[in-house]
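*Asks:* Put chain B with the ligands on the given structure of chain A with help from the hints.
The listed protein sequences derive, respectively, from chains A and B. Heads up: take any position in the first sequence, counting from 1, add 14, and you land on my numbering. Heads up: take any position in the second sequence, counting from 1, add 33, and you land on my numbering.
Note that these hints are calculated values from the structure, not bench results. We treat Cβ as the ideally placed atom computed from N, Cα and C, and that holds for glycine. Careful, some of the hints might be misleading.
[Stated by the list, open to error] Which residues of chain B face chain A? A few of them, derived with a C-beta cut under 10 Å, are:
hint, residue
1, Tyr-86
2, Asn-112
3, Glu-115
4, Asp-116
5, Glu-119
6, Val-120
7, Asp-127
8, Leu-129
Now for the letters of each chain:
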Amino acid sequence: MISVKHLCKSYNGAPVLRNVSAEIGRGEIISIIGPSGTGKSTFLRCLNLLEHPDAGEILVGHTNLLDPGTDVPELRMKMGMVFQQFNLFPHMTVLENIMLAPCTLRRIPRTKAREKALELLKTVGLLDKAEALPEELSGGQQQRVAIARTLAMEPEIVLFDEPTSALDPTMVNEVLTVIRNLSKTGITMIIVTHEMRFARDVSTRVLYMDEGIVYEEGTPQEIFGSPKRPRTRAFIRRMDMLCFELDKFDFDLYHFRSEVDDFAVRQMMEQKKRNAIQLVLEELIENILFPRMEKTQLEIGISAESGEAEIRALWTGPAENPLNADDEAGQMARMILSKRCSQREFAQEDSRNILTLKLFGETK
Amino acid sequence: MNLSMKKNEDGTVLTVIVDGSIDTVTAPELENRLEGAYAGVKELILDFAGVDYVSSAGLRVIMGADQRMSGTGRLILKNVNEDVREVFEMTGFDELLNIE
Ligand SMILES: Nc1ncnc2c1ncn2[C@@H]1O[C@H](COP(=O)(O)OP(=O)(O)OP(=O)(O)O)[C@@H](O)[C@H]1O
Ligand SMILES: [Mg+2]
Numbered sequence: 015m016i017s018v019k020h021l022c023k024s025y026n027g028a029p030v031l032r033n034v035s036a037e038i039g040r041g042e043i044i045s046i047i048g049p050s051g052t053g054k055s056t057f058l059r060c061l062n063l064l065e066h067p068d069a070g071e072i073l074v075g076h077t078n079l080l081d082p083g084t085d086v087p088e089l090r091m092k093m094g095m096v097f098q099q100f101n102l103f104p105h106m107t108v109l110e111n112i113m114l115a116p117c118t119l120r121r122i123p124r125t126k127a128r129e130k131a132l133e134l135l136k137t138v139g140l141l142d143k144a145e146a147l148p149e150e151l152s153g154g155q156q157q158r159v160a161i162a163r164t165l166a167m168e169p170e171i172v173l174f175d176e177p178t179s180a181l182d183p184t185m186v187n188e189v190l191t192v193i194r195n196l197s198k199t200g201i202t203m204i205i206v207t208h209e210m211r212f213a214r215d216v217s218t219r220v221l222y223m224d225e226g227i228v229y230e231e232g233t234p235q236e237i238f239g240s241p242k243r244p245r246t247r248a249f250i251r252r253m254d255m256l257c258f259e260l261d262k263f264d265f266d267l268y269h270f271r272s273e274v275d276d277f278a279v280r281q282m283m284e285q286k287k288r289n290a291i292q293l294v295l296e297e298l299i300e301n302i303l304f305p306r307m308e309k310t311q312l313e314i315g316i317s318a319e320s321g322e323a324e325i326r327a328l329w330t331g332p333a334e335n336p337l338n339a340d341d342e343a344g345q346m347a348r349m350i351l352s353k354r355c356s357q358r359e360f361a362q363e364d365s366r367n368i369l370t371l372k373l374f375g376e377t378k
Numbered sequence: 034m035n036l037s038m039k040k041n042e043d044g045t046v047l048t049v050i051v052d053g054s055i056d057t058v059t060a061p062e063l064e065n066r067l068e069g070a071y072a073g074v075k076e077l078i079l080d081f082a083g084v085d086y087v088s089s090a091g092l093r094v095i096m097g098a099d100q101r102m103s104g105t106g107r108l109i110l111k112n113v114n115e116d117v118r119e120v121f122e123m124t125g126f127d128e129l130l131n132i133e
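The shape of chain A in the complex, shown without the other chains (with noise of 0.2 Å):
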């Protein structure tokens, strides 16, 4: 359906897309990861044309994008587009930024674009707010409307740039899910995103961009569980952990608790099993680490492919495992520790003491 060839796109002399080919099957759901300033909107936003490529060969359908007899406004209805913010007008209420486009560019007549319209507000959920405006909206909905909006222009594609990238960690998932149901009714989508575990659980397929192309791309399973590149590697390890250095006179434990809640959040996390490492991570820092050592580095990850969690403590010192300590203090710790971490590890490498746990895996 999709078929871009060798695309090329610099700015003032700076390549960004250096050569990116890429094949899209009709009902195809693709994510788009990596890093930041790799060329990823830069891509969506060549697809529809917002910004013109220097070289290369963009086919949709039979249409050559880059033909200068293309109908650009016609190809634009084809595909629509939802964004990081969501550009809602702040003076129309929901229902009429929904109809605007199906009455102006489609010529739809208003009772029959005003029906698609609050049909398309109830598959988002969000029927009882269509005379609401935008600003009494919060951003979790007005991003839902920003979709209605979208597909109220009954689009063959729709790009989606980071939609949940501006929002509360508290609403990305109401949108993922709408995103979600749209993905199962055979339409075609294009999604730059973050959220790993997401795209794992809708994509048919996944492309990593990095260095300017597509370094690689493979089912969900393939990118995620065994990717193959070295980049591609790094970066799929670096997005499934967050890392601290903790300095037991300068601890907030509810910032912390806070930042670790977000990033759960997101890796898809149901909240019993975040209640479950916020209480691992208390017991560790405050009962276990803090009072043998003032610092601590510590990372915590969260497969985006198992759900699993694994969290390490490093620190330098003697080598002594805390978790085998008897101090009075320490052992109710000990205890939930042992309870809820199916795998516990103490090692020393090169000086360095790290403790190993591991939450929600198979027990070993």
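*Replies:* This is chain B with the ligands only, laid out in the frame that chain A set:
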């Protein structure tokens, strides 16, 4: 954590309604508030309907309160939610405390 207390007419039954999280940060406050309220109390009821998280710091305070009451009366925990109950079970506290 939020906390409110009420006593019955003769001051022998103290009900403490706790909300939120009892953890390293909030446990000392719970301990302080209880400390000022024991006098004359025969039955201390901790209503945990609004408590969604308890860590070992919280358990220690609850244990302390239980010991404090054990000579002259008793401590009863009410409306403990499932997650919190699991923490009691993991540490064997469910055996030691009166949980209704
Ligand atoms: N209109 C523009 N003019 C000049 N440079 C631009 C323009 N748009 C993008 N760039 C540059 O092109 C590069 C790629 O940008 P792009 O927004 O496509 O990256 P991205 O992969 O979407 O990154 P992110 O994950 O941060 O959204 C960046 O270095 C950016 O500064
Ligand atoms: Mg971008």
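*Asks:* Double-check Asn-112 (chain B) for me: the hint is only fine if its C-beta lies closer than 10 Å to a C-beta in chain A.
*Replies:* 18 Å, violated
*Asks:* Going by Cβ atoms only, is Asp-116 (chain B) closer than 10 Å to chain A?
*Replies:* With a closest approach of 6 Å, the Asp-116 (chain B) hint holds.
*Asks:* Interface hint check: Glu-115 (chain B), Cβ to nearest Cβ on chain A, cutoff 10 Å. Holds or violated?
*Replies:* 9 Å, holds
*Asks:* Just to be careful: measuring from the Cβ of Leu-129 (chain B) to every Cβ in chain A, is the smallest value less than 10 Å?
*Replies:* 12 Å, violated
*Asks:* Verify the interface restraint on Tyr-86 (chain B): the C-beta must sit less than 10 Å from at least one C-beta of chain A.
*Replies:* 6 Å, holds
*Asks:* Identify whether the interface hint at Val-120 (chain B) stands, where standing means a beta carbon of chain A within less than 10 Å of its own.
*Replies:* 7 Å, holds
*Asks:* Tell me if Asp-127 (chain B) is really an interface residue toward chain A, meaning its C-beta lies closer than 10 Å to one of theirs.
*Replies:* 13 Å, violated
*Asks:* Quick check on Glu-119 (chain B) please, does its C-beta sit within 10 Å of some C-beta on chain A?
*Replies:* 9 Å, holds
When the structure is compared with the earlier hints, violations turn up for hints 2, 7 and 8 and for no others.
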